[in-house]
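There are 2 protein chains.
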Amino acid sequence: MSVISLSKRVSNLHSSPIREVLAVANKPGMISFAGGLPSADSFPRMDILQMPRQMLQYGPSEGEPELRDLIATELQNIELDVKPENIIVLSGSQQGIDLVAKLFIDHGTRVALQSPSYLAALQAFRFYGMHAVALDPDAPEQALSGDGNHPALAYINPTFQNPTGHCWSTQQRLQFASLADKTGVAVFEDDPYRDLVYEQIDRTPVCAKLKKTSWIYQSSFSKNLAPGLRLGFLAASDDLVPYLLRLKQAADLHSSRVSQWLVLQELNKVSRAEQLHTLAAQYLLKRDHFQALLLEHFSDLAVWQVPTGGLFFWLKLNTTINTSELLASAISQNVAFMPGEPFFLDPQSGYSAIRLNFSHASADEATKGLSVLSALIRNNT
Amino acid sequence: MSVISLSKRVSNLHSSPIREVLAVANKPGMISFAGGLPSADSFPRMDILQMPRQMLQYGPSEGEPELRDLIATELQNIELDVKPENIIVLSGSQQGIDLVAKLFIDHGTRVALQSPSYLAALQAFRFYGMHAVALDPDAPEQALSGDGNHPALAYINPTFQNPTGHCWSTQQRLQFASLADKTGVAVFEDDPYRDLVYEQIDRTPVCAKLKKTSWIYQSSFSKNLAPGLRLGFLAASDDLVPYLLRLKQAADLHSSRVSQWLVLQELNKVSRAEQLHTLAAQYLLKRDHFQALLLEHFSDLAVWQVPTGGLFFWLKLNTTINTSELLASAISQNVAFMPGEPFFLDPQSGYSAIRLNFSHASADEATKGLSVLSALIRNNT
Chain A
1 MSVISLSKRV
11 SNLHSSPIRE
21 VLAVANKPGM
31 ISFAGGLPSA
41 DSFPRMDILQ
51 MPRQMLQYGP
61 SEGEPELRDL
71 IATELQNIEL
81 DVKPENIIVL
91 SGSQQGIDLV
101 AKLFIDHGTR
111 VALQSPSYLA
121 ALQAFRFYGM
131 HAVALDPDAP
141 EQALSGDGNH
151 PALAYINPTF
161 QNPTGHCWST
171 QQRLQFASLA
181 DKTGVAVFED
191 DPYRDLVYEQ
201 IDRTPVCAKL
211 KKTSWIYQSS
221 FSKNLAPGLR
231 LGFLAASDDL
241 VPYLLRLKQA
251 ADLHSSRVSQ
261 WLVLQELNKV
271 SRAEQLHTLA
281 AQYLLKRDHF
291 QALLLEHFSD
301 LAVWQVPTGG
311 LFFWLKLNTT
321 INTSELLASA
331 ISQNVAFMPG
341 EPFFLDPQSG
351 YSAIRLNFSH
361 ASADEATKGL
371 SVLSALIRNN
381 T
Chain Y
1 MSVISLSKRV
11 SNLHSSPIRE
21 VLAVANKPGM
31 ISFAGGLPSA
41 DSFPRMDILQ
51 MPRQMLQYGP
61 SEGEPELRDL
71 IATELQNIEL
81 DVKPENIIVL
91 SGSQQGIDLV
101 AKLFIDHGTR
111 VALQSPSYLA
121 ALQAFRFYGM
131 HAVALDPDAP
141 EQALSGDGNH
151 PALAYINPTF
161 QNPTGHCWST
171 QQRLQFASLA
181 DKTGVAVFED
191 DPYRDLVYEQ
201 IDRTPVCAKL
211 KKTSWIYQSS
221 FSKNLAPGLR
231 LGFLAASDDL
241 VPYLLRLKQA
251 ADLHSSRVSQ
261 WLVLQELNKV
271 SRAEQLHTLA
281 AQYLLKRDHF
291 QALLLEHFSD
301 LAVWQVPTGG
311 LFFWLKLNTT
321 INTSELLASA
331 ISQNVAFMPG
341 EPFFLDPQSG
351 YSAIRLNFSH
361 ASADEATKGL
371 SVLSALIRNN
381 T
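Protein chains in written order, with UniProt numbering: chain A, 1 to 381; chain Y, 1 to 381.
Quick caveat, the hints were computed from the structure, so don't treat them as lab data.
Treat the hints with care, since some could be wrong.
[Said to hold, decoys possible] Result set (SDA-like, lysine to any residue): computed pairs, CA atoms no more than 25 Å apart in a straight line:
#1 Y/Lys27 / A/Pro242
#2 A/Lys8 / Y/Asn149
#3 Y/Lys209 / Y/Asp181
#4 A/Lys269 / Y/Gly108
#5 A/Lys269 / Y/Pro52
#6 Y/Lys8 / A/Thr183
#7 Y/Lys8 / A/Ala134
#8 A/Lys8 / Y/Gly108
#9 Y/Lys8 / A/Gln57
#10 Y/Lys212 / Y/Arg53
#11 Y/Lys286 / A/Gln57
#12 Y/Lys83 / A/Ser16
#13 A/Lys27 / Y/Pro60
#14 A/Lys27 / Y/Pro65
#15 Y/Lys269 / A/Pro52
#16 Y/Lys8 / A/Asp238
#17 Y/Lys8 / A/Lys27
#18 A/Lys269 / Y/Lys212
Modelling step: build the complete structure from the supplied sequences, incorporating the hints.
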């Protein structure tokens with residue numbers, strides 16, 4: 001092969017820990033705590049027998065009108081002041097991350113975000129050249145203010161954050177929103193886990209509290225319906241919608257209309273609210289079983305909080321170990337998990353942690369897998 | 001709203017003629033020659049009754065293994081030397097354009113491409129900052145050589161080019177491939193129309209003729225199956241696959257598995273070859289009817305070549321008129337077409353032309369629409 005001349009941004013294009021771990025995690029016999037995989041039991045039975053044939057033609061870039069109407073209504077119900085025109089259907093919320101990064105981030109653009117944060121967002125932002133600024137939800141002014149050098153964008157995942165599972169308090173939400181309005185930092189709120197809620201807790205979108213600054217709120221049908229459909233959506237302030245729509249069109253013209261039609265049927269079912277309730281109840285049982293196993297196996301090895309929503313336990317290990325190396329050992333014993341390092345802005349300055357998904361493995365698998373994993377860590381320290 | 005701080009590349013993000021024309025073209029009562037819309041009669045009846053429920057889970061970024069195997073075999077049959085590992089399933093071939101642009105194009109990167117070229121490719125490349133270099137397939141050395149200042153990439157659509165319908169000769173294919181190998185320019189071949197062929201003609205991919213340089217070949221299931229599924233694929237040389245796979249994952253994790261499963265069922269049907277044959281035969285009839293109408297209405301207004309494949313007639317008008325303004329008049333009379341200007345590297349230096357799709361309108365609609373359109377042009381000149 002000749003010497004190829006690639007774009008400069010490719011130097012920031014690193015192999016993805018998600019894809020690599022998931023590739024291994026899907027192997028037969030592997031007990032996986034790695035991905036954010038919903039339980040396959042939860043997937044509805046669907047068919048396309050009633051789908052109009054016209055859905056096989058090209059469709060609008062912004063998404064199917066009925067689906068946008070319905071999403072707008074759902075968002076109004078959680079206090080977001082949006083019209084259907086503010087909604088763009090996405091090919092999964094990963095696409096929203098890419099579109100927003102394209103819209104805001106040049107080489108050196110300051111982006112405020114928590115450490116740890118969702119690693120695929122970190123990767124996408126770094127690819128476009130982000131200069132990361134660490135955001136502490138207890139003291140957001142440190143990241144958002146800065147003497148005339150505000151970040152252009154703040155990326156937040158305040159409800160059942162990936163990876164920590166933390167849910168911002170009402171006070172944290174209000175304080176952050178007020179400061180974003182004051183400084184004019186645009187807010188990008190990622191909210192894929194909000195329906196997976198196990199306790200009464202404030203989940204009002206931070207974007208619903210904004211009065212002035214530009215914002216994007218996004219969510220996904222991957223966690224509350226089925227990831228294989230690859231469908232999510234964003235809502236954005238009026239000023240950003242025209243840009244995001246052009247970017248969406250340039251990215252893939254529009255999202256699969258078959259997927260959109262299937263999601264619309266599910267959302268329109270009278271039993272939808274009940275289904276979500278059942279889903280959360282099932283995950284609550286899994287969470288509690290997992291918590292019991294963690295208490296049994298990890299009490300001397302790590303500290304953690306029981307997540308009030310979402311799909312993950314985040315374990316801070318009591319001793320410093322390289323969890324990427326731990327993963328290799330675990331995989332050789334057919335257990336996969338997500339190492340903590342890639343979630344940190346600066347892996348060197350982070351603590352040792354592992355992210356454990358509790359929704360995918362069966363109860364028996366969880367019992368076995370956590371036993372294996374804890375033994376490995378115990379032998380390692 | 002506050003003053004938002006967007007990325008520099010957004011200054012190259014213009015409203016899309018495609019989306020705007022298509023939005024109008026889909027209105028009831030509109031006769032549309034605008035989009036590259038396949039005939040809705042050609043869409044197969046499909047169902048997902050046999051789809052394994054597991055397809056609703058997350059899947060591999062590179063696409064379903066069975067689908068990649070099948071695509072690799074089809075490409076081997078048209079002389080492309082690929083393995084399944086060289087294949088990445090795309091959410092439509094528009095996504096391939098975005099991924100390849102991300103991979104190669106910084107502000108100022110030289111890209112060789114014909115003028116006119118597919119306008120959505122032009123837009124995507126410009127968004128990332130392309131410096132366009134005009135490519136003439138009769139004299140490719142002008143664009144590809146350049147004193148030590150080779151383009152990084154050449155974008156070509158040699159088989160039934162959009163918008164001209166032109167199909168490169170065997171000699172043009174060989175000459176271009178040889179020169180690309182010699183200069184080390186990477187080749188990006190876009191080939192969505194190859195199955196819509198109406199005469200015996202060489203359609204061997206240019207990439208099949210390459211011996212050294214890096215390459216990407218892509219095609220789509222939008223034209224030969226159904227665009228609403230939003231599915232396409234790329235094949236790439238070994239050196240580029242790891243980059244493109246990471247970019248694919250960062251863009252949307254993977255493509256809709258329901259769409260992938262549906263496409264796989266259709267490709268596996270024993271009747272698939274026959275279906276393609278029937279599809280091309282139907283379009284041939286439409287092409288010939290359209291040609292008869294053009295001879296009747298446009299002989300004094302324009303010159304054109306009868307396309308040997310694809311979905312478009314490209315009419316060079318005998319007089320210079322602003323075809324974007326013509327479009328506004330036509331739309332007021334319920335006829336839509338695609339103005340020529342946005343297809344040119346420099347619209348000022350191009351000739352006056354219009355692109356007419358012949359596959360979507362019914363015979364009656366085509367008769368009426370071409371009568372209206374020719375009268376408008378005649379009155380305009």
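Against the structure, the hints:
1. Annotation: proposed proximity of Y/Lys27 to A/Pro242 holds, straight-line Cα distance about 21 Å (limit 25 Å).
2. Proposed proximity of A/Lys8 and Y/Asn149 is supported: the alpha carbons are some 17 Å apart, at most 25 Å.
3. For a cut-off of 25 Å, the pair hint linking Y/Lys209 to Y/Asp181 stands: about 9 Å separates their Cα positions.
4. Between the alpha carbons of A/Lys269 and Y/Gly108 the distance comes to roughly 51 Å, so the proposed pair goes past 25 Å and is violated.
5. For the proposed pair A/Lys269 and Y/Pro52, the alpha carbon gap of about 22 Å is at most 25 Å, so the pair holds.
6. Distance hint between Y/Lys8 and A/Thr183 is fulfilled; the C-alpha atoms sit about 21 Å from each other, no more than 25 Å.
7. With a CA separation close to 24 Å, the supplied pair Y/Lys8 and A/Ala134 stays within the 25 Å bound.
8. Using a Cα cut-off of 25 Å, the hinted pair A/Lys8 and Y/Gly108 holds, with the two alpha carbons roughly 12 Å apart.
9. A hinted pair counts as satisfied when its Cα atoms are at most 25 Å apart, and Y/Lys8 with A/Gln57 does not qualify at roughly 34 Å.
10. Distance restraint check for Y/Lys212 and Y/Arg53: the Cα-Cα separation of roughly 43 Å exceeds the 25 Å cut-off, and the hinted pair is therefore not satisfied.
11. Taking the CA atoms of Y/Lys286 and A/Gln57, the gap is near 18 Å; set against the 25 Å cutoff, the hint holds.
12. For the given pair, Y/Lys83 sits about 23 Å from A/Ser16 by alpha-carbon distance, which is consistent with the 25 Å threshold.
13. Between the alpha carbons of A/Lys27 and Y/Pro60 the distance comes to roughly 12 Å, so the proposed pair stays at or under 25 Å and holds.
14. The hinted pair formed by A/Lys27 and Y/Pro65 meets the criterion: a straight-line CA distance of about 14 Å does not exceed 25 Å.
15. For the given pair, Y/Lys269 sits about 22 Å from A/Pro52 by alpha-carbon distance, which is consistent with the 25 Å threshold.
16. Restraint check for Y/Lys8 and A/Asp238: the C-alpha separation of about 20 Å stays at or below 25 Å, so the hint holds.
17. Under the criterion of a C-alpha separation no larger than 25 Å, the hint pairing Y/Lys8 with A/Lys27 is inconsistent with the structure, at around 43 Å.
18. Taking the CA atoms of A/Lys269 and Y/Lys212, the gap is about 56 Å. The hint is violated against a cut of 25 Å.
Comparing the model with each earlier hint shows violations of hints 4, 9, 10, 17, 18; every other hint is respected.
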